[in-house]
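In the order they appear, the protein sequences are chains A and B.
Counting in this note's numbering, the first sequence runs from 12 upward without gaps.
Counting in this note's numbering, the second sequence runs from 454 upward without gaps.
Derived from the structure by calculation, the hints contain no laboratory data.
All C-beta atoms, glycine included, are put in the ideal place defined by N, C-alpha and C.
One should not assume that every hint holds.
[To be verified] Think about it this way: if two alpha-carbon atoms lie no more than 20 Å apart in a straight line, the pair counts; the simulated SDA-like pairs of lysine to any residue are:
id, chain 1, residue 1, chain 2, residue 2
1, B, K532, A, E181
2, B, K503, B, R544
3, B, K532, A, E49
4, B, K503, A, D212
5, A, K76, A, N62
6, B, K587, A, K275
7, A, K275, A, S51
8, A, K142, A, K119
9, A, K199, B, K587
10, B, K532, A, R184
11, A, K199, B, T601
12, B, K503, A, Q52
13, B, K532, A, Q52
14, B, K532, A, K275
15, B, K503, A, S51
16, A, K199, B, K503
17, B, K532, A, V207
18, B, K503, A, P295
19, B, K503, A, T210
20, A, K119, B, D515
21, B, K503, A, G200
22, A, K275, A, E292
[As the list claims (entries may be wrong)] Okay, the calculated bits of chain A under chain B, using three or more residues with CB under 8 Å as the criterion:
id, region
23, 175–185
24, 246–255
25, 284–296
As a plain string of letters, each chain reads:
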Amino acid sequence: MNVTIIRVLILSSLIPAVSGALAHDRYIVPTHTVLSGESSQSVSVISSISNDVFHPDRPFGDNGKGAVPPSLKGYFARLQSVVINPDGSVSKDFDWQAFSRLSVGDLKLESSGTYRISVIHPEFPMTTFQKADGSRGRVFGPDATLPEGATDVVRRTTASRVETFVTLNEPNRAAMKPTGKGLELGGKGHPNDLFVNETGDFQLFYDGKPLDQSAEIVVVRSGTRHRNERKAMELKTDEQGGFQLSFTEAGFYLFQAALTLPGKPESGIDKHHYSLFVTLEVFPE
Amino acid sequence: MNSCLLLLVLLGSPAPAAEGVRVEIVIPQLDARPYHRPYVAIWLETTERKGVHTLAVWHEQDEWLKDMRQWWRKLGRSKEPPYDAVSGATRKPGSYRVLWNGLDAEGRPLPAGEYYLNVEAAREEGGRDFLRQKVVLGGDKPQHYTLTGRGEIGEVHIEIDGGK
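Just chain A, same shape as in the assembly (with noise of 0.2 Å):
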């Protein structure tokens, strides 16, 4: 097995490692990730744009009934929704409400087995740069306006998944096979299976197949407004995207991953970066 934690550490920076400098943390949490029972249950689910873990800050989609600040239209109008279901199919009614500081949605379980729910923004260019006076600015869409004297100016496009797993009765991984866009998170655990104290064999996929590069992680447990270190703990997959995960504390995880890659000659793009947050519930032994 050429799975191997390259290293992890305890950061006491507040400002998260992962493409921290271009966005802030997305996640979805649902009230339940394992439930039982012979009839359909129901789970709820929260997400936001928060940097404080599973502390609502901003809300995060909508169905154009909620309240949408101005400064976040444009973005909710590009997320799509997405849920597969536990036989591989996917679901795209999945409808989340904002409110001030956080966004809303129900999912009701009709079948037992894997659900995996996702707030997918499809790869959009940003480009940043240095304004005249020193500070810096980015501009968001293909036809990029720069003010005048703009300096270090770098054309990118970014791409995020925001994601979560939930199961009724016995897991399956229909609803983890990757779908083949952006980065997603594969392997032989289970995101509906993680309890202290075990060690879980996980591997990332970029368009659909293990990546052929390192890419860094940032597992961060819940409850970071409440303490004074972030104790975010990082590590880098192998070659081929694989790594472990193993938890000393039971609670909800909020897993980050990133990667860029350099943009194609001509293409007129520098960087094209990739993210992903997957919300995890860990249990006690």
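Let chain A serve as the given structure and place chain B on it in line with the hints.
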């Protein structure tokens, strides 16, 4: 003829563990209001921690079976729950004895060897307790173990006859 065949099969497999196993479990009286009776599961795992057989499940509603988290993942959540014959209602505080004859849900003796015997309890608006003891099935010596829970389970006595 058929019984001859069965006998041969049994002789050909590892020494069967058909034997007497008694688990005595105390559900403690707790000063909790409201008090809900705990959900309790008793089961066997291999030494690699793979679920093997459920000895008892005391519960009320399926929806909360998942709160016996270890039992749920090891045996409870499988598609064909093989614990119907050993499930029952939750018990009020007191001392209870669970008897097991060493046979799995299909009436076959488990292969002799080492196992973990697990006891888990989860109480609504209360805590969770999880105890584990390595035991030998199909051995030639009687065994007796005493475990003590941390709140939701009192003393647990495990007696295994041995002397196959």
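Results of checking the hints against the structure:
{"no.": "1", "hint": "B:K532 / A:E181", "in the structure": "holds (6 Å)"}
{"no.": "2", "hint": "B:K503 / B:R544", "in the structure": "violated (27 Å)"}
{"no.": "3", "hint": "B:K532 / A:E49", "in the structure": "holds (11 Å)"}
{"no.": "4", "hint": "B:K503 / A:D212", "in the structure": "holds (17 Å)"}
{"no.": "5", "hint": "A:K76 / A:N62", "in the structure": "violated (25 Å)"}
{"no.": "6", "hint": "B:K587 / A:K275", "in the structure": "violated (59 Å)"}
{"no.": "7", "hint": "A:K275 / A:S51", "in the structure": "violated (48 Å)"}
{"no.": "8", "hint": "A:K142 / A:K119", "in the structure": "violated (49 Å)"}
{"no.": "9", "hint": "A:K199 / B:K587", "in the structure": "violated (28 Å)"}
{"no.": "10", "hint": "B:K532 / A:R184", "in the structure": "holds (15 Å)"}
{"no.": "11", "hint": "A:K199 / B:T601", "in the structure": "violated (35 Å)"}
{"no.": "12", "hint": "B:K503 / A:Q52", "in the structure": "violated (27 Å)"}
{"no.": "13", "hint": "B:K532 / A:Q52", "in the structure": "holds (16 Å)"}
{"no.": "14", "hint": "B:K532 / A:K275", "in the structure": "violated (49 Å)"}
{"no.": "15", "hint": "B:K503 / A:S51", "in the structure": "violated (28 Å)"}
{"no.": "16", "hint": "A:K199 / B:K503", "in the structure": "holds (16 Å)"}
{"no.": "17", "hint": "B:K532 / A:V207", "in the structure": "violated (25 Å)"}
{"no.": "18", "hint": "B:K503 / A:P295", "in the structure": "holds (18 Å)"}
{"no.": "19", "hint": "B:K503 / A:T210", "in the structure": "holds (15 Å)"}
{"no.": "20", "hint": "A:K119 / B:D515", "in the structure": "holds (17 Å)"}
{"no.": "21", "hint": "B:K503 / A:G200", "in the structure": "holds (15 Å)"}
{"no.": "22", "hint": "A:K275 / A:E292", "in the structure": "violated (38 Å)"}
{"no.": "23", "hint": "175–185", "in the structure": "holds (count 3)"}
{"no.": "24", "hint": "246–255", "in the structure": "violated (count 0)"}
{"no.": "25", "hint": "284–296", "in the structure": "holds (count 3)"}
Checked against the numbered hints above, the structure violates hints 2, 5, 6, 7, 8, 9, 11, 12, 14, 15, 17, 22, 24; every other hint is satisfied.
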